[in-house]
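Protein chains in written order, with my numbering: chain W, 1 to 422; chain P, 1 to 422; chain L, 1 to 422; chain G, 1 to 422.
A portion of the hints provided could be inaccurate.
Said to hold, decoys possible - So, partial list: chain L residues that the calculated Cβ filter (under 8 Å) puts toward chain P:
1) LEU30
2) GLN31
3) GLU89
4) GLN92
5) TYR240
As the list claims (entries may be wrong) - If you anchor each label on the Cβ, the simulated ranges turn out as follows:
6) P:GLU70 <-> W:LYS238: 57 to 63 Å
7) G:GLY88 <-> W:THR165: 43 to 49 Å
8) W:PRO323 <-> P:GLY86: 57 to 63 Å
9) L:LEU71 <-> G:THR10: 54 to 60 Å
10) L:ASP129 <-> G:SER94: 31 to 37 Å
Stated by the list, open to error - Dumping the calculated DSSO-like pairs for lysine-lysine here, alpha-carbon to alpha-carbon at most 27 Å:
11) P:LYS299 <-> W:LYS32
12) W:LYS299 <-> G:LYS208
13) P:LYS208 <-> L:LYS299
14) W:LYS167 <-> P:LYS167
15) P:LYS32 <-> W:LYS106
16) W:LYS106 <-> P:LYS198
17) L:LYS198 <-> L:LYS208
18) L:LYS106 <-> L:LYS167
19) P:LYS208 <-> L:LYS208
20) W:LYS198 <-> W:LYS208
21) P:LYS208 <-> P:LYS198
22) L:LYS167 <-> G:LYS301
23) G:LYS301 <-> G:LYS238
24) W:LYS167 <-> W:LYS106
25) P:LYS299 <-> W:LYS167
26) L:LYS301 <-> L:LYS238
27) W:LYS198 <-> W:LYS238
28) G:LYS198 <-> G:LYS106
29) W:LYS208 <-> G:LYS208
30) W:LYS301 <-> W:LYS264
31) L:LYS238 <-> P:LYS299
Quick caveat, the hints were computed from the structure, so don't treat them as lab data. Just so it is clear, CB atoms sit at the ideal spot from N, CA and C, and this is done for glycine as well.
4 protein chains.
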Amino acid sequence: MITITKESHTQLIADFQRVRAQSQNICAPLQKEDYVAQPVVFVSPPKWHLGHTTWFFETFLLQEFMEGYELFHPRYAYVFNSYYEGAGERVQRSDRGNLTRPTVDKVYAYREYVDRHVERLLSTVEITDEIAYIVQIGLHHEQQHQELLFYDIQYILGHNPLFPTYKEGAQIESHAGTPSLEWLEMEEGIYEVGHDGKGFHFDNEGGKHRVFLEPYRITDRLITNAEYLAFVEAGGYKDYQYWLEEGWRWVNENQVDSPMYWFKVNGQWQQFSMQGMHPLDLNAPVTHISYYEAQAFAKWKGLRLPTEFEWEAACLHYAPEIPELANFVDAEQFRPVARQGKDYQFYGDCWEWTQSAYLPYPRYEAPEGTLGEYNGKFMVNQMVLKGGSCATPRDHIRPTYRNFFQAEMRWHYTGLRLAETL
Amino acid sequence: MITITKESHTQLIADFQRVRAQSQNICAPLQKEDYVAQPVVFVSPPKWHLGHTTWFFETFLLQEFMEGYELFHPRYAYVFNSYYEGAGERVQRSDRGNLTRPTVDKVYAYREYVDRHVERLLSTVEITDEIAYIVQIGLHHEQQHQELLFYDIQYILGHNPLFPTYKEGAQIESHAGTPSLEWLEMEEGIYEVGHDGKGFHFDNEGGKHRVFLEPYRITDRLITNAEYLAFVEAGGYKDYQYWLEEGWRWVNENQVDSPMYWFKVNGQWQQFSMQGMHPLDLNAPVTHISYYEAQAFAKWKGLRLPTEFEWEAACLHYAPEIPELANFVDAEQFRPVARQGKDYQFYGDCWEWTQSAYLPYPRYEAPEGTLGEYNGKFMVNQMVLKGGSCATPRDHIRPTYRNFFQAEMRWHYTGLRLAETL
Amino acid sequence: MITITKESHTQLIADFQRVRAQSQNICAPLQKEDYVAQPVVFVSPPKWHLGHTTWFFETFLLQEFMEGYELFHPRYAYVFNSYYEGAGERVQRSDRGNLTRPTVDKVYAYREYVDRHVERLLSTVEITDEIAYIVQIGLHHEQQHQELLFYDIQYILGHNPLFPTYKEGAQIESHAGTPSLEWLEMEEGIYEVGHDGKGFHFDNEGGKHRVFLEPYRITDRLITNAEYLAFVEAGGYKDYQYWLEEGWRWVNENQVDSPMYWFKVNGQWQQFSMQGMHPLDLNAPVTHISYYEAQAFAKWKGLRLPTEFEWEAACLHYAPEIPELANFVDAEQFRPVARQGKDYQFYGDCWEWTQSAYLPYPRYEAPEGTLGEYNGKFMVNQMVLKGGSCATPRDHIRPTYRNFFQAEMRWHYTGLRLAETL
Amino acid sequence: MITITKESHTQLIADFQRVRAQSQNICAPLQKEDYVAQPVVFVSPPKWHLGHTTWFFETFLLQEFMEGYELFHPRYAYVFNSYYEGAGERVQRSDRGNLTRPTVDKVYAYREYVDRHVERLLSTVEITDEIAYIVQIGLHHEQQHQELLFYDIQYILGHNPLFPTYKEGAQIESHAGTPSLEWLEMEEGIYEVGHDGKGFHFDNEGGKHRVFLEPYRITDRLITNAEYLAFVEAGGYKDYQYWLEEGWRWVNENQVDSPMYWFKVNGQWQQFSMQGMHPLDLNAPVTHISYYEAQAFAKWKGLRLPTEFEWEAACLHYAPEIPELANFVDAEQFRPVARQGKDYQFYGDCWEWTQSAYLPYPRYEAPEGTLGEYNGKFMVNQMVLKGGSCATPRDHIRPTYRNFFQAEMRWHYTGLRLAETL
């Protein structure tokens, strides 16, 4: 178990209330019907996320530490367990969208019931390290599902022939213009990567270790829609030589010809975002691309993606602090926006595909027990992404944070920057 | 076009209002979430049925005959067309459950809008044969979807781990007992089958023609759960020799060991019906069986299913009139119940699988135009079912009525009676 | 069991030798490699057919009736059983093409071994009715596999990019011309159909029974390639209104635009047959079409396919005897050819799709035991074909003969004639 | 292009003849039928390998450099191209087993024809660097297919219910015993990995670069069947906690309970190898395991697999030279055998799964043109294996050699050794 500083009762309860409330804020603009659908197996219905994050606290906190706790409903564990083999049988992932019950109202009642008990627990028992850790991991877990809520809501709305808007939001317009792409140079040498173990972090960020990096350089911002559009219009999706073999198969089997949510309507490129359908924002970072697309774009440019280590070293060197104007969920843009000032965009906007496979670090150790299934069991056939997105809470991210997805995934806010060895 | 008697304005409007209201009555016990899901491709979300039946009137009646009619929404035709190639592009059938919009409220508003316009049309224009025909076919079409609503609602609730009840309904208890099974004998000879063309009927019931039947007999009631249970408990699902080759594959691939909605809980057989989970009603007719199961049961008995012609001839001979106590939807039992009195159960309770494939009768002609797609294009690889069910409106059925489904289907109220050639 | 006339030892042995030799004659033009492949699950490798027909005699004749018979190889029953559940475990059908062993030489050795034993058995024991029946059914079974050998060999060669020729054969040229299409009229009335039980027949032809036929007419020959080409060139494959819904899906999912083995090369229609690739023979009957295509062509013509009963009644009325020049396998054309003289083409050339589903006749009874699996268990979701083909042995066919295949199948020699009710 | 030392005409021709002959030696024990089958999509028929390696020389050497060269057959490029998009259309990979033609004899004639022309070319033209490179890469390419031939032949024979033997070979018996497992320690530091560019190597081995390794240790030999059997018998395949999530799904979907080719017959573990079915050789290295299984075994042991860099550094440190008794194909054992003496087994026996994903090295560059598709386009979702196997030619391997396969593959000779960070 990771040792953490014990927080005061008050702070822990405040954090708990703030994060729990945020999940419900995210869902506030939805109609009840929007909570139910699962248009594709990797999307979960919003009400499932609300229930699952609640089940997490019920299972790992209340059932373990609250004497005499009574389950809200005996079958909810079956309904809301995701993939924890150690926590018993569960609804098949592909069937989540078939569950019209419990209703949305019931799920909110479930949240209220569990929240009340957690608050009572945290107000009355001694907060051990273990309890604090479980609350904290539960909250970070919930923040991850808050990100997923954005991806999934956008998918549900963006695959509806009526293309409903999530939230009208700010005026959609291109920002003044994007500065030209510059290189950030990095010297060869031994760098330390990974989390040092102080403060909250996920198991997959540890242990801190050394890597040697050949000299390299990395672009000072994300690739924009305008730059990516040039690839599209140069026939990039029709020329096998830019693509990995798997990627080429993926392009052809799925008839992919542009990022997800791009639509050519009467000769004009439109994009669907949480603000509805609107013209492609040329200066904003390209997003909703798969690893295959990121890699193909880089190859077309004669360059490559950075490794996760190169990214982390450059981030720590050039942007050790998160800038004020980083586009996280707190900014309520709900989509990547054009670079602002000289920001290097290492944080927020969109998760950056790296050329690193998601594998354990030296001395990596999964926690004991069911929570050990959290990260470690996915360490094959996924790629690492860094930096957070417009759907990430600002207090959730770190330079050492390792996100990971399969190469073909692109319903989340993904993007890229380029690199090369010198 | 089928010629029908012109009805008075008043009667037609009254029928229209009555049938349209019934669809909404059926959905009244639902939660909003229940309207959205499509747990399997052959089930449609309840709100889709409500919208589709409305689209039918908008497309074939209002757009054709009401001058200056404005569509409720320009994209609803795309959302609510089912399979009419002649009526343009449409949402893939498998994607109906992904449509969280239009919301339930919007669908009801759509119904209200279309109903108001239909009523105005019927009140103001001259009711030609063509208009009357389209209204009538629209209403019979809606009645068919009312049946489907029951099947689909039961599927949605019955595949939810919480097993919600649709309606508490009458006390579930076995009726006093089932009289022993008797034979109804029929002489060899030429019989007339099919619809004579007077009054409303579907195209597939015409034209009336002659068939020769070898002498045969047919059971005087449906097979009960008790009788079917004997087959289950004799190992019927484990012995290939009772099964068609396709059926045996189906049993094994799907690990079928009993009718749909039968559950063995702590050694007791339970069944899920619209009244929720309750003990198997032994005297009620067996239902939710595929053609494969009906055929296997008959073979186990050393008998066979009747053909559609044998069924129709026997029905017309022994039960030319629909008995008062037939278990149609009007009786609000919402499931097959034990035989009452000496009723032969030719009507209601459950659709009876016949040993006839669904094929055109001599001189069959599909109507011109898009409505010609209604029945004719399904005439291959389906089996005929006769007699209506507990979900059928009493005024919807006729002895000549031909229902049809694929052999593996069993989410609807199906059952069987036995026959043999003498 | 069907009672048959006891044949003399000599005649039975002569039949046995003749039929068994014919299987090997069919394979004589093959290369060893051609015996192995299974390019699609419904095709079996030629050596599998040679082994399976041998296993049939070994299992049902030698093991039952020859005292002290020793199996040629203990695992061959596993390799060569097709679908007889009663005869034990077997290689999955889709895996037949993976079996490089036993080699072709071994399979021929197996045949030689079993033949020698059968001949010894038939020379030494008393030929009971049961033995004679099993020999006869074994020989008819082998003749059916001889047909399949042609279909499968043509499939293997015709799906090879080198398009090898089976046998150069006769000059391929269009015959002098096809007489115009005439109608054969039939009066309404009661007709007898099915086999009367005298002489060899398959179980599915029995029992003889009466049907009433409305007055109808039927074309006096098969539809030609020229006539079918007109449908192709009129856009028949692009217009949904001619197609059954299943057929339309089949056309689109498989991108079908013409019969199997038609190829448009440099603007000219070619066909691949056992004589290799050659220009489409316009006067020959169209072949290699599915039921869907036969039905769509008929609908395009404003007509329909005959039922199996209409076909049988007309055949018995107009062509009770098999004409001398019927194009059976004995004629060694190995493909349908243009109508010769006034032949009605009820026999040979190609199997005619009927509008009848394959279902049991009244009083149908499957034989006891494993041979009861021969026909009866396939009686669902298949269509009846009548008349035999250019791959059928002349002494194998009867007007009552019922062939059956799934509607989408077309690798065999299929064709059609038209009918209408008067 | 990689610069290589120009070889003398004589040496190049000798190498060419030697390697080409070896492909045919490997196939010598086969029956003709064995050359045809493709029991699973990743296996290719032996005759396809023989043709494809020949097509490689015809396409990249003869067509480019021999004036007036005439193709052996105009369609063979279509038949024998594997995956080179730059070299045109080709038979779908899954259809290779359907190709009964060209026959085995024709394929050998094709080889003879191309060999004769290559020899003539090499005897008559000036051997430029480019020609020498293409010959060399063609020969290394052919050696890779020689390995595949072993995997594929074993698959074909080992999935046949008759379990034929490839070659009787040496007596199968357990060697005297396996020394206990020891650790080889390695200090932390910067290590050079990758090929220095001198002499032949594949593009994916370059460029040489530096990595930092934390201190670690690695076992001094491969894991044996006895050790792996302990995992099997401890229920390792039934406990999710040892498995990656993907691996656990793979185990369950495929009902895996032991390595490929292990069979429990009457309570005794047997293994199928090229010598046929025989008792499990307990002291031989475990082989035919997937990455998932290797990883699960390591986790069960509380250890992990080495990275490709750790493996390479340890190999170069402890075994810079290939030992005489390494079990390569030259030893004609055709399966991994028990460790001999103090050999560390870095070379031969079986390819060792590493914990490294197959990704490009810094400064990696794919060659220009069609040969650039050789390695680079597979750099996603595969794992690196090191060290060669009992099917690898001794002169084909190097410590820098990077083999790569998907995590679920195990029909090749795979195995593992363990590591841990200190």
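Hints versus structure:
For LEU30 of chain L, the shortest C-beta to C-beta distance to chain P is roughly 30 Å, which exceeds 8 Å, and the interface hint is violated. Proximity of GLN31 of chain L to chain P is violated relative to the hint, the smallest CB-CB distance being about 34 Å (cut-off 8 Å). With 8 Å as the threshold, the beta carbon of GLU89 of chain L stays out of range of chain P, its nearest partner Cβ sitting at about 13 Å, so the hint is violated. Look at GLN92 of chain L: its Cβ only gets to about 12 Å from chain P, farther than 8 Å, so that hint breaks.
Interface hint status for TYR240 of chain L: upheld, as the beta-carbon distance to the closest one in chain P is roughly 4 Å, under 8 Å. A hinted range of 57 to 63 Å is violated for the C-beta pair GLU70 of chain P and LYS238 of chain W, which are about 43 Å apart. Take GLY88 of chain G and THR165 of chain W: their Cβ atoms lie about 48 Å apart, and the range 43 to 49 Å holds. Our hint of 57 to 63 Å for PRO323 of chain W and GLY86 of chain P holds, since their Cβ atoms are close to 59 Å apart.
At roughly 58 Å, the beta-carbon separation of LEU71 of chain L and THR10 of chain G lies within the given 54 to 60 Å, and the hint holds. The hinted range of 31 to 37 Å is not satisfied by ASP129 of chain L and SER94 of chain G, whose Cβ atoms lie roughly 49 Å apart. For a cut-off of 27 Å, the pair hint linking LYS299 of chain P to LYS32 of chain W is broken: about 49 Å separates their Cα positions. For a cut-off of 27 Å, the pair hint linking LYS299 of chain W to LYS208 of chain G stands: about 21 Å separates their Cα positions.
As the CA atoms of LYS208 of chain P and LYS299 of chain L are separated by approximately 21 Å, the hinted pair is consistent with the 27 Å bound. A distance of roughly 38 Å separates the Cα atoms of LYS167 of chain W and LYS167 of chain P; the hinted pair therefore is violated under the 27 Å criterion. Under the criterion of a C-alpha separation no larger than 27 Å, the hint pairing LYS32 of chain P with LYS106 of chain W is consistent with the structure, at around 12 Å. The straight-line distance between the Cα atoms of LYS106 of chain W and LYS198 of chain P is roughly 53 Å, outside the 27 Å bound, and the hint therefore fails.
Between LYS198 of chain L and LYS208 of chain L the CA atoms are separated by roughly 11 Å; this keeps the pair inside 27 Å, and the hint holds. Pair hint LYS106 of chain L plus LYS167 of chain L holds up; C-alpha atoms about 25 Å apart against a cutoff of 27 Å. The straight-line distance between the Cα atoms of LYS208 of chain P and LYS208 of chain L is roughly 25 Å, inside the 27 Å bound, and the hint therefore holds. Under the criterion of a C-alpha separation no larger than 27 Å, the hint pairing LYS198 of chain W with LYS208 of chain W is consistent with the structure, at around 11 Å.
Straight-line distance between C-alpha atoms of LYS208 of chain P and LYS198 of chain P comes to about 11 Å, which keeps the hinted pair within the 27 Å bound. Simply put, LYS167 of chain L and LYS301 of chain G have alpha-carbon atoms about 64 Å apart, too far for the 27 Å limit, and the pair is violated. A C-alpha spacing of about 16 Å is found between LYS301 of chain G and LYS238 of chain G, which places the hinted pair at or below 27 Å, so the restraint holds. Only pairs whose Cα atoms come within 27 Å are accepted, and LYS167 of chain W paired with LYS106 of chain W is accepted, the gap being roughly 25 Å.
For the hint linking LYS299 of chain P to LYS167 of chain W, the alpha-carbon distance of about 62 Å lies beyond 27 Å, and the restraint is violated. The straight-line distance between the Cα atoms of LYS301 of chain L and LYS238 of chain L is roughly 16 Å, inside the 27 Å bound, and the hint therefore holds. Proximity of LYS198 of chain W to LYS238 of chain W is assessed by CA-CA distance (about 48 Å); at most 27 Å being required, the pair is judged violated. This hinted pair does not check out: LYS198 of chain G and LYS106 of chain G have alpha carbons roughly 39 Å apart, beyond 27 Å.
Distance restraint check for LYS208 of chain W and LYS208 of chain G: the Cα-Cα separation of roughly 25 Å lies within the 27 Å cut-off, and the hinted pair is therefore satisfied. With a C-alpha separation of about 24 Å, the suggested pairing of LYS301 of chain W with LYS264 of chain W holds against the 27 Å cut-off. This hinted pair does not check out: LYS238 of chain L and LYS299 of chain P have alpha carbons roughly 43 Å apart, beyond 27 Å.
Violation of the numbered hints given earlier is confined to hints 1, 2, 3, 4, 6, 10, 11, 14, 16, 22, 25, 27, 28 and 31; the remaining hints are satisfied by the structure.
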